[in-house]
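Using the numbering used here, the first residue of the sequence shown is number 1, and each one after it goes up by one.
There could be a bad hint or two in this list.
[Claimed, not checked] Here are the simulated distance ranges between beta carbons: (1) T94 x L70: 41 to 47 Å; (2) P9 x C103: 44 to 50 Å; (3) K173 x D84: 47 to 53 Å; (4) G68 x K173: 21 to 27 Å; (5) A99 x Q31: 55 to 61 Å; (6) A69 x R89: 26 to 32 Å.
[Claimed, not checked] In the BS3-like style, the derived pairs of lysine-lysine whose C-alpha atoms are separated by at most 30 Å in a straight line are: (7) K51 x K34; (8) K34 x K91; (9) K151 x K164.
No lab work stands behind these hints: they were computed from the structure. Every residue, glycine too, gets a C-beta built ideally from N, C-alpha and C.
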Amino acid sequence: MPEHRPGTPPAFVTLESFLWWDFRDSGDWEQWAKKWGLASSDRAARRAYEKALVLQGALRQLELANNGALPDAKAIRTVNELIDELEIRPKVSTSGGVALASCGRSVAGPIAALLIMVLDAMTAGVWHRFKLCRDPSCSASFYDASKSATKIWCSMGVCGSRSKMRRLRQRRKSAAVVP
């Protein structure tokens with residue numbers, strides 16, 4: 001499964017990459033944050049690593065809810081706590097528009113930037129398109145660019161086919177057991 005699917009709005013490509021990526025360690029996070037222009041230094045990225053994992057875990061739980069699972073109260077609480085900790089607030093621009101900004105002097109600048117992207121996706125009404133694959137053996141995050149926003153697998157050719165084959169085998173097994 002590629003890191004980006006066709007149809008992801010450019011404003012959310014970084015967020016899609018963050019949700020998709022499985023960070024092996026703080027060095028992997030540092031490289032990712034630098035690649036996407038979210039860390040001004042290795043030190044800043046390293047300090048934000050633990051919070052990045054916390055945010056990513058909470059967001060993946062919220063993505064599950066976008067794909068039919070029950071909303072996770074702990075994940076919602078975690079996101080709200082990060083919003084408070086990073087002091088993310090609306091700010092009025094000179095043009096009269098409103099944008100979110102982190103008012104804190106936190107070392108977690110990359111996390112605040114990612115969280116603002118999430119809040120922007122929610123405000124724009126597209127957060128429901130960020131999903132976690134329903135295949136239990138897969139944990140890929142994806143942006144559902146379909147017209148109806150009803151995709152449930154990261155890839156129909158891989159995860160969707162496996163799921164359908166499992167259901168077929170289960171039906172055949174159940175039919176063979178019935179006397």
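Here is how each hint holds up against the structure:
Hint check: T94 to L70, Cβ distance near 43 Å, so the stated range 41 to 47 Å holds. A hinted range of 44 to 50 Å for the beta carbons of P9 and C103 is inconsistent with their spacing of about 26 Å. Separation of K173 from D84 is about 51 Å and conforms to the stated range, judged on CB atoms against 47 to 53 Å. Separated by about 25 Å at the C-beta atoms, G68 and K173 satisfy the suggested range of 21 to 27 Å.
At about 28 Å, the CB distance of A99 to Q31 disagrees with the hint of 55 to 61 Å. Under the hint 26 to 32 Å, the C-beta atoms of A69 and R89, about 30 Å apart, fit the expected range. Taking the CA atoms of K51 and K34, the gap is near 16 Å; set against the 30 Å cutoff, the hint holds. Pair hint K34 plus K91 holds up; C-alpha atoms about 26 Å apart against a cutoff of 30 Å.
At most 30 Å may separate the alpha-carbon atoms for a hinted pair to count; K151 and K164 meet this at roughly 14 Å.
Checked against the numbered hints listed earlier, the structure breaks hints 2, 5; every other hint is satisfied.
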